[in-house]
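Colleague: As a plain string of letters, each chain reads:
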Amino acid sequence: MSVTTQKLFVAFLSLALFAALVATGAVDARRQAEARKRAEATLDDAANPQIARGRAVFERYSCNACHGAGGAGGINNLNAESGGKVNGLLHVSETYSVSELQERIRGGVPTVGKADPTGLEPPLKMPPFRDLISGQEMSDLVAYLMSLKPPPGEAKSSSW
Amino acid sequence: MSASSLRRWLAERVPVPMEELRKPLREELPAHLRTWIAWLGGTPLALFAIQVVTGILLTFYYTPDPARAFESVRHITLAMRYGWLIRSLHQNAAQLMIIALMLHMIRVFATRAYRRPRELTWVFGVTLFLLTLGFGFTGYSLVYDSLSYWATTVGTNLLGDVPLVGHQLLWLLRGGPDVNPNTLSRFYNFHIGVLPTLMVAAIVAHLLLVRLHGVARLEGDPRTETYEFFPEHVLREAAVAIVLLLALVVYAMARPPGLGVPADPSFTPPHIRPEWYFFPSYRWLKMVPMQVGIWTSAAFVLGMVAWPWIDAGLERLAPGRRIGIWIGTAGFLFTLVLLVWEALS
Amino acid sequence: MRDGKAAPAEATTRREFLANLLLGLAGALGAGAVAVRFLQFLSPPKPPERVVEVPAIALASIPDGGGRIAHLPGGHVAIERMGDRVRAFSAVCTHLGCVIEWQPDAQQAWFCPCHHGRYDREGRVLGGPPPRPLPPIDAVVRDGQVFVKLTVRAPAGVA
Numbered sequence: 004m005s006v007t008t009q010k011l012f013v014a015f016l017s018l019a020l021f022a023a024l025v026a027t028g029a030v031d032a033r034r035q036a037e038a039r040k041r042a043e044a045t046l047d048d049a050a051n052p053q054i055a056r057g058r059a060v061f062e063r064y065s066c067n068a069c070h071g072a073g074g075a076g077g078i079n080n081l082n083a084e085s086g087g088k089v090n091g092l093l094h095v096s097e098t099y100s101v102s103e104l105q106e107r108i109r110g111g112v113p114t115v116g117k118a119d120p121t122g123l124e125p126p127l128k129m130p131p132f133r134d135l136i137s138g139q140e141m142s143d144l145v146a147y148l149m150s151l152k153p154p155p156g157e158a159k160s161s162s163w
Numbered sequence: 008m009s010a011s012s013l014r015r016w017l018a019e020r021v022p023v024p025m026e027e028l029r030k031p032l033r034e035e036l037p038a039h040l041r042t043w044i045a046w047l048g049g050t051p052l053a054l055f056a057i058q059v060v061t062g063i064l065l066t067f068y069y070t071p072d073p074a075r076a077f078e079s080v081r082h083i084t085l086a087m088r089y090g091w092l093i094r095s096l097h098q099n100a101a102q103l104m105i106i107a108l109m110l111h112m113i114r115v116f117a118t119r120a121y122r123r124p125r126e127l128t129w130v131f132g133v134t135l136f137l138l139t140l141g142f143g144f145t146g147y148s149l150v151y152d153s154l155s156y157w158a159t160t161v162g163t164n165l166l167g168d169v170p171l172v173g174h175q176l177l178w179l180l181r182g183g184p185d186v187n188p189n190t191l192s193r194f195y196n197f198h199i200g201v202l203p204t205l206m207v208a209a210i211v212a213h214l215l216l217v218r219l220h221g222v223a224r225l226e227g228d229p230r231t232e233t234y235e236f237f238p239e240h241v242l243r244e245a246a247v248a249i250v251l252l253l254a255l256v257v258y259a260m261a262r263p264p265g266l267g268v269p270a271d272p273s274f275t276p277p278h279i280r281p282e283w284y285f286f287p288s289y290r291w292l293k294m295v296p297m298q299v300g301i302w303t304s305a306a307f308v309l310g311m312v313a314w315p316w317i318d319a320g321l322e323r324l325a326p327g328r329r330i331g332i333w334i335g336t337a338g339f340l341f342t343l344v345l346l347v348w349e350a351l352s
Numbered sequence: 672m673r674d675g676k677a678a679p680a681e682a683t684t685r686r687e688f689l690a691n692l693l694l695g696l697a698g699a700l701g702a703g704a705v706a707v708r709f710l711q712f713l714s715p716p717k718p719p720e721r722v723v724e725v726p727a728i729a730l731a732s733i734p735d736g737g738g739r740i741a742h743l744p745g746g747h748v749a750i751e752r753m754g755d756r757v758r759a760f761s762a763v764c765t766h767l768g769c770v771i772e773w774q775p776d777a778q779q780a781w782f783c784p785c786h787h788g789r790y791d792r793e794g795r796v797l798g799g800p801p802p803r804p805l806p807p808i809d810a811v812v813r814d815g816q817v818f819v820k821l822t823v824r825a826p827a828g829v830a
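Protein chains in written order, with our numbering: chain A, 4 to 163; chain B, 8 to 352; chain C, 672 to 830.
Looking at chain A on its own, in the form it has when it is part of the complex:
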C-alpha cells in the first residue's frame, strides 16, 4: 500500500468514526429522555408540601446524621447487625405501616443487635422521639419517610 493510499484509508476510518459518534447522539437522546422522566417523578415529591415539610423535620432533628442524607444510610455503627452501619430508610414503605413507623420513631431503638455476639456494643442507638416530635410534625415526617424509594434496580431489603 502506498503512503497515499494509506492516507486515504485513515481518512475513511476517521469518517467512519465521525459517523459512529453522530449515531451515539440518538442512543443518548433516548437515555436522557428516560432520565428526565425519572427526575420529573422526584419533583412530584418535591412539589408535595407535606413531603417537603417532612424532609425539613428529618433534617431539623438530625435524623440524617445517623441515617444518612435522604435516608440513604452508610453511617458506620461498629458491629451493628445491619452490616456494621446504621440502616438506611429507603425501604421503610415496604416493611412498615404508618402506625408502626410512628411507634418506631416515638420509641427509638434502645438496643441495636450485634453482628458478632462476642464483639463490642454498637455505639449508635436510636433515641426515643416521643417527647420531641408529635402532631403535624410527626405526620409530615412519616409522609416523607413513606415517600422514600430505593434507586431502581436495587434488590429489595433482605433483612431488617
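Derived by calculation from the structure, the hints in this document are not laboratory data.
For each residue, glycine too, the CB sits at the ideal point set by N, CA and C.
Honestly, I wouldn't trust all of these hints.
[Said to hold, decoys possible] Pairs of lysine-lysine residues, derived as DSS-like cross-links and limited to a Cα-Cα distance of at most 27 Å, are as follows: (1) K820/C - K717/C; (2) K40/A - K717/C; (3) K128/A - K117/A; (4) K717/C - K152/A; (5) K128/A - K152/A; (6) K40/A - K820/C; (7) K40/A - K152/A.
[Claimed, not checked] If you want a taste of the chain A side facing chain B, the calculated C-beta under 10 Å gives, among others: (8) T27; (9) A29; (10) V30; (11) D31; (12) R34; (13) R41; (14) G77; (15) N79; (16) E84; (17) K88.
Once you've looked at the hints, dock chains B and C against the given chain A.
Modeller: Only chains B and C this time, still in chain A's reference frame:
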C-alpha cells in the same frame, strides 16, 4: 508574520536543535514491521491514551466514598450525557489493552527481540504489563457493586498470606485492619495517581530504549530494506487506533454498560470472581496449597522479568535448540488452559 | 497538456495533495466529534423545574412590622410581615449572591453583610454595590402559614 519568522522566534526561545528532533521521525524501520502483528507495540499506548482521557472525564462525577461510590457510577451511567459511552469506553478499552499487551508480549517473545542489548526494554515492558494488571484490579474495585467489592476483598486477602510481610502489606493496602473507607480512597488514589505516574515513567523509559536501540532485526530475515517511521508507520498505528476507537464506540451502542447490585459488606454473593485476566492465577491458587501457590506465582513473575537472561543461558547450554521458545509456549498454553478452565467452571 | 494527459509528476502531486486534504478534513471531523461528545459529557443536563407553592414559615414567627429569612429547598426567601399580610423577595443579594439579613434602620429594611448593600421595604436598593432591586416572590397567608411560589428543581444526584 510568516512561517519562517515564527520558526525563528521559537528557535531563539526554545534552543533545541531541530534536526535532532526530526531524526526519530525519519527512523528507518525494518521491513518485517509491515505485518500487522508488529503494530501491537503502539496499540496498548493508543488504548492507554483512551483510558487516560475517559478516566479523567469519569473523575468529574465519581466519588470514592463507600456510601456514594455506586450511586455516582449509577449517575454517570444513567443520567449524565454520554456517561454510558464514556464508561463503556473506559471499561472495554481496559480489556482490549490487556489483550493487546499480551499479543505484543507474545510477538516480542516469539521473535526473541529481548536479546542483548535489549534486555532492559523487556524488563520495562514486563513492568508495564504488571502495572496494567494493577490498573485493572484497582479500577474494578471502584465500581463498588456487589461483585467488585467482594472480588477486591478476596484479592487483597490473598496478600495477607504472603510470608513475613503479608500482614503489613495488607494493612498498607487496606489502610487499616479491615476493608474500611480508607480502602476505597486508597485504591482510588492508586488508580488515578500512583499507577499513572509509574506507568508514564515506565512508558517513557520503554519507548526511549526502543528508539535508542532501534527496532530489533528479525532473526533469519534476509530482507534488508527499510521504511520510514513517519509517515508510513505512523499511519498504520493511526489506522489501528481509529479502528479500535470505532469498535469501542459501536460496541458501546450495541451493549451499553449495565449496573449491578450495590455492595453489601454483610452479604457475600455465591459466585465471586476476579476479572478474566486474573483467571489463571485464581484457578492456580485454588488448585494448590496457598503457600505453594504464592511462591510459584512469585517465581513465575520473576521468571518473566529475568527471561532475557534465562533465555540467553539456555541458548548457551543448548545452542540452536530454542529451548526458550518451547518453555515459553508451554507456559503460555498452561496459562490459557487455566484461564479457559476457570471461565467455564 | 500536449498529449491530453497531465504529466505524471503533476498527477502524483495532485493526488498526494488531495489525499492530505482529505486526511486533514476527515481527521478534523473525527477529532471534532470526539471533542464535542466529551464536552457534552462534562456539561450535565438541565434538571427539570417546576413552579410550586411551598410552605415557608408560620406567620406568627415573624414579628408584626418585621422581617425574617426562610431557607427553603427552592431558595432563600426574605419575608416582611404587615399585620395579616406579607411581602416576599428573594433573599439573595443582587450584587454577588450573599444572603441578606433583616436589619431595619430608617428607610433600610434589609442589609447585606458581604459588601454592605442596603435595601428598603420594597426591595429597592438604598445604597452600596447591588445593581438591581430584590426580585419579588409571590406570597400568601393561609391558616396562619406563609406560602411562597418558588421554582423547585429536581435534586442533583438523581438518576
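Colleague: Determine for every hint whether it applies to the structure shown.
Modeller: The hints, checked one at a time:
no. : hint            : verdict
1   : K820/C - K717/C : 21 Å, holds
2   : K40/A - K717/C  : 13 Å, holds
3   : K128/A - K117/A : 12 Å, holds
4   : K717/C - K152/A : 23 Å, holds
5   : K128/A - K152/A : 24 Å, holds
6   : K40/A - K820/C  : 23 Å, holds
7   : K40/A - K152/A  : 15 Å, holds
8   : T27             : 6 Å, holds
9   : A29             : 9 Å, holds
10  : V30             : 5 Å, holds
11  : D31             : 5 Å, holds
12  : R34             : 6 Å, holds
13  : R41             : 8 Å, holds
14  : G77             : 3 Å, holds
15  : N79             : 8 Å, holds
16  : E84             : 8 Å, holds
17  : K88             : 8 Å, holds
The earlier numbered hints are all upheld by this structure, with none contradicted.
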